[in-house]
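**Student:** We have chain A already, so just place chain H on it with the hints.
Going down the list, the sequences are from chains A and H. Just so you know, we're using the numbering used here here: the first sequence kicks off at 1 and counts up by one. Just so you know, we're using the numbering used here here: the second sequence kicks off at 296 and counts up by one.
Since the hints were made in silico from the structure, they are not lab data. Any given hint could turn out to be false.
[What the hints assert, rightly or not] FRET-style restraints, in silico, Cβ to Cβ:
#: 1; chain 1: H; residue 1: R351; chain 2: A; residue 2: V113; range: 52 to 62 Å
#: 2; chain 1: A; residue 1: P130; chain 2: H; residue 2: E383; range: 51 to 61 Å
#: 3; chain 1: A; residue 1: D99; chain 2: H; residue 2: W309; range: 22 to 32 Å
[What the hints assert, rightly or not] Coverage of chain H stretches by chain A, computed from C-beta distances (three or more under 8 Å per stretch; other residues unrestricted):
#: 4; segment: 319-329
#: 5; segment: 416-427
#: 6; segment: 434-441
[As the list claims (entries may be wrong)] A few chain A residues that face chain H, going by a derived Cβ cut-off under 10 Å, partial list only:
#: 7; residue: G162
#: 8; residue: L186
#: 9; residue: F190
#: 10; residue: V192
#: 11; residue: V194
We treat Cβ as the ideally placed atom computed from N, Cα and C, and that holds for glycine.
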Amino acid sequence: MVTVFGVPSQALLGQLLVGLINGSFYAMLSLGLAIIFGMLQIINFAHGALYMLGAFVGYLMLANLGISYWLALILAPLVVGLFGMIVERVALSRLYGVDPLYGLLFTFGLALVVEGGFRYYFGVSGQPYPTPKALAGGMNLGFMFLPVYRGWVVIASVVVCGATWFLIERTKLGAYLRAATENATLVQAFGVNVPLLLTFTYGLGCALAALAGIMAAPVYQVSPLMGSNIIIVVFAVVVVGGMGSILGAIVTGYALGLIEGLTKVFYPEASNIVIFVIMAIVLLVRPAGLFGRDA
Amino acid sequence: MAEPLLELAGLNAWYGESHVLHGVDLTVARGETVTLLGRNGVGKTTTLRAIMGIVRKRTGAVRFDGQDLLRLPLHRTAHAGLGFVPEERGIFSTLDVMENLLLPPVVADGGMSIDEIFTLFPNLKERRSSPGTKLSGGEQQMLAMARMLRTGVRMLLLDEPTEGLAPVIIDRIGEALTSLRARGMTILLVEQNFRFASRLADRFYVMEHGAITTGFPVGELEARMPELQELLGV
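One chain only, chain A, in its complex shape (with noise of 0.2 Å):
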């Protein structure tokens, strides 16, 4: 058996997969978070119970009305980002100018609120949901045996976080919320309507958040405490990345991802501390992050 630095190379891979399915999580929830935090200067904390929210939309959908995967990774974010439009528009949309203190305390009242409720209704215990028929089983790489869901999810995350960049750097209405992250009020007096553009990002990074949602789903099973449990380890990735840094949210995703697989191979006692390691490190030493615009 091949071995690298000990380790047997098909439990070093089976890390690296488990390490790049959850850097795939992290890098679009704190994408969403970073184009919140970019635009709103709002720490979103409700950015977890808006994940678990996703994938409870998913759940009920299939639980209630028979709706299944594939259109529920069209609804749920439709359904979650309508509702954080509803949020921003009545109440994040008074805390813009004040202390973003107020931002934070909002935002973790409500991801307390709604994992409140949802954990009156159903308990701790998670609700499972199926893996789609099209994408059970596993394909053997010979090296490795890869579960197909997971392979899409890492997939579908580049798919999303590539077009979600493109979306903010290469096109006008990303050029808008630039402009606007800048100087907002510039940018409204050229024209465009700012409050609706806050409105839209605050919704964008809601939906980003249900469709991890909707994806961890049939990954990690559906649960209130889905959300509480990554955002932390989220917020690090934010912090790692540089706050509002698009790419750096990206790449500092999969990459703590990786590398807390590769800790969980090599050191398994450090493997829950490795990212809040890095992040008081890069803290240190470059405080506004390894992408952040004072870097």
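**Tutor:** Frame of chain A; chain H shown alone:
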């Protein structure tokens, strides 16, 4: 005087509790270039920002082509046909020159094409892929003006376009404004550079303490020079 395109009547404006404009009255006719003169801090920039709606706390009247601008949300003012070029230029660092140029939405037909803009400002063509804030001060000023010309606005509000620029660049900006005047663009110019303004304007207003104290046509300029020099400290 021809029909006014822009008309301010008794315009008051506040920054928070600070009362900055105290009943500004002025008119700018269609196709006219009017310069607002005054020392630092008399309210010239605030007048432009109040016309655009960037300063929201206002009373009085701001009418553009008969439309009451005070009722419009900020993002609708540009659609009425007004373009604003701020003193700080407002070039976006995350956008390249071309993205900066194409950023403001087209609000009406009749704007300049990109080719026409590049003919007017050849420097911008050469540097179209550069990040906006990597341009020199003069090039940034050209870009700030150029991006409004695409949009089809009928009137430009220019805030100190020559501030901090070398004489040769000021001449270039002056040529561009002369060309815009020839195309019929209406311009309200805030300017400390009296010599520059005197070459362009049809009429002048002088501001003191947040209000217009006097206004006169360019023909009276020579006769009023001593008075203006004392008033403006030039």
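**Student:** Now tell me, hint by hint, if it's right for this structure.
**Tutor:** Structure-based check of all given hints:
no., hint, result
1, R351(H) - V113(A): 52 to 62 Å, "violated (33 Å)"
2, P130(A) - E383(H): 51 to 61 Å, "holds (58 Å)"
3, D99(A) - W309(H): 22 to 32 Å, "holds (23 Å)"
4, 319-329, "violated (count 0)"
5, 416-427, "violated (count 0)"
6, 434-441, "violated (count 0)"
7, G162, "violated (19 Å)"
8, L186, "holds (4 Å)"
9, F190, "holds (4 Å)"
10, V192, "holds (6 Å)"
11, V194, "holds (7 Å)"
When each numbered hint is compared with the structure, violations occur for hints 1, 4, 5, 6, 7.
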